[in-house]
Amino acid sequence: MPVLVATFAVWTAGCPSPSGEGASGRQTHPLTVLAASSLQDVARTLQPRFQQSHPTVELRFAFAGSQQLQLQVERGAEADVFLAADPRHLEALAQRGLTGEPVRFACNEVVVGVPRGNPAKVQSLGDLATVSHVVLAAPEVPAGALSEEVLSAASRLYGDDFAARVRRNVRSRELNVRQVMAKLMVGEADAALVYRSDVKAAKGRVEAIPLPDAVRAVAHYEAAALTHSGNPAAARAFLTFLAGPQSASAFHEEGFVPCPDPAGAR
Amino acid sequence: MWAVGGVLVVFLSLPIAGLLLSTVVHRGWADVDGGLLWPAVRLTLQTTVISLSIIVAAGAPLAWLVARSTSRWSRALETLLQLPVVIPPAVAGVALLIVFGRTSLLGQSLAALGVRLPFSTAAVVMAEVFVSAPFFLQAAISAFRSVDEELLRVARTLGARRSRVFFAIALPLCWPSLVAGAAMSWARAVGEFGATLLFAGNMSGVTQTLPLAVYTAMERDVQTAQVISVLMIALGFSVLLAVRAVTSRPRLGPSPMEAERDRHA
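Sequence lines, in order, name chains A and B.
76 is the number of the first residue of the first sequence in our numbering; add one for each residue after it.
661 is the number of the first residue of the second sequence in our numbering; add one for each residue after it.
Just so you know, these hints were derived from the structure itself, not from any lab.
Treat the hints loosely; a few may be bogus.
Some but not every residue of chain B turned toward chain A, in silico, with C-beta under 10 Å [stated by the list, open to error]: (1) Val746; (2) Gly761; (3) Ala782; (4) Arg805; (5) Ala860; (6) Met863; (7) Tyr875; (8) Met878; (9) Phe897.
One-sided and incomplete, this derived list gives chain B residues near chain A with beta-carbon spacing under 8 Å [what the hints assert, rightly or not]: (10) Ser682; (11) Leu757; (12) Arg762; (13) Thr763; (14) Pro778; (15) Phe779; (16) Thr781; (17) Gly861.
We put the beta carbon where it would ideally sit given N, CA and C, even for glycine.
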């Protein structure tokens with residue numbers, strides 16, 4: 076039970092990861108990275124890899140829903156880099172001159188998540204119209220917006236009323252994708268739409284069922300430096316690192332997928 | 661002394677004043693999504709009234725028994741009843757899930773009877789009762805404890821049964837404190853967020869109470885969230901004012917004991 080409590084605390088509150096240790100005696104400068112909550116687990120791998128090649132930079136992550144982070148940046152949050160799960164957030168900030176050129180660094184595939192053991196015997200996306208407890212992310216959240224796209228696109232396969240039938244089974248619209256995962260892990264949801272990387276991070280407590288090829292949905296993660304960053308050189312270095320091979324292998328290990336378009340600035 | 665206290669007053673009132681001012685200046689109410697606001701208002705009022713009724717109906721007799729008992733068990737019980745206050749609401753939500761969730765023993769038995777608690781409006785009531793009951797219970801226990809022992813003894817020698825003593829003496833004497841405690845309890849229930857989100861979920865019209873609506877609105881735009889917040893402040897403030905007005909009415913004459921003493925003075 077304490078494990079469950081700790082899991083909830085970490086997964087829903089979005090706490091900052093422990094700051095990296097600076098090289099002994101050497102002056103380190105902090106680099107604050109605001110990151111979408113679905114990046115929590117891959118950040119654990121990215122951090123030491125970046126610190127190794129940049130020992131004077133102390134990477135600090137703060138995780139929350141991308142829309143919350145956008146709000147914080149608009150209100151002048153002290154940070155250097157923003158990693159968003161949806162390009163729209165960076166677009167909105169760039170329009171107001173708050174962020175620089177965006178860099179696409181990862182993509183995440185939407186899958187049907189089911190609790191371990193698949194108690195409702197879900198076989199595919201189509202079963203969402205018949206199971207009793209479906210949980211989705213709220214439409215305001217990137218994962219939720221993608222879920223809406225998936226449901227609309229699925230009407231091609233399952234009929235015009237598919238989306239409506241699924242919505243009748245939706246019991247909750249969670250405010251970030253980790254909360255959706257939590258509902259799966261405690262068995263309160265029969266099925267949910269989550270990211271493949273989230274399922275990977277759940278280490279067996281949640282199983283993934285891929286979407287049919289016709290409705291494949293992918294989240295595009297983009298990063299940008301904040302214009303008022305106190306450490307622009309380090310921010311640029313981190314963006315370069317994100318677009319590089321070390322970062323790509325870390326994302327691959329955590330269940331992210333190669334982006335459909337070539338990675339790089341739009 | 662006023663300077664020190666004044667700092668606290670300013671600190672407590674500035675954010676609220678700022679919120680009100682900001683909403684008025686930006687005319688936020690013009691763009692509020694009624695589809696988000698009104699179901700949340702209805703649901704919050706419905707659930708908090710039900711929660712409060714449960715807490716008062718079950719809590720008043722319980723508080724009476726605890727207050728008048730002198731055994732060690734009642735002391736322990738009193739402490740136990742205060743526990744929900746120190747438990748973080750999210751943790752309370754987890755706890756409720758563990759006990760009443762689909763995968764629990766109790767949850768499965770209930771499911772067999774057709775009762776599914778998580779994601780239901782009943783779950784909202786349960787979360788509210790859990791976190792807000794201690795506020796009423798504590799006020800009631802203190803109030804009942806302060807009732808003059810003499811009065812109760814006199815009543816019993818005159819032949820009154822325990823329940824008659826409770827209804828005819830304790831309640832009339834203690835009702836201002838009980839109402840104030842109930843108001844605190846209601847305010848806590850209205851503001852309940854963490855336990856509701858985890859145990860009951862977030863579904864408009866079913867489980868999305870005002871605090872959940874504020875949080876959801878924050879994901880879209882801060883203005884809507886601000887307007888809903890201002891509404892909640894106005895609601896809470898009016899209730900507190902009403903309670904203060906009702907409970908500070910002057911007592912009608914001296915108490916029976918005071919009258920007795922005056923007669924012999």
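- Numbers of unmet hints, in rising order: Violated hints: 1, 3, 4, 9, 10 and 16; rest satisfied.
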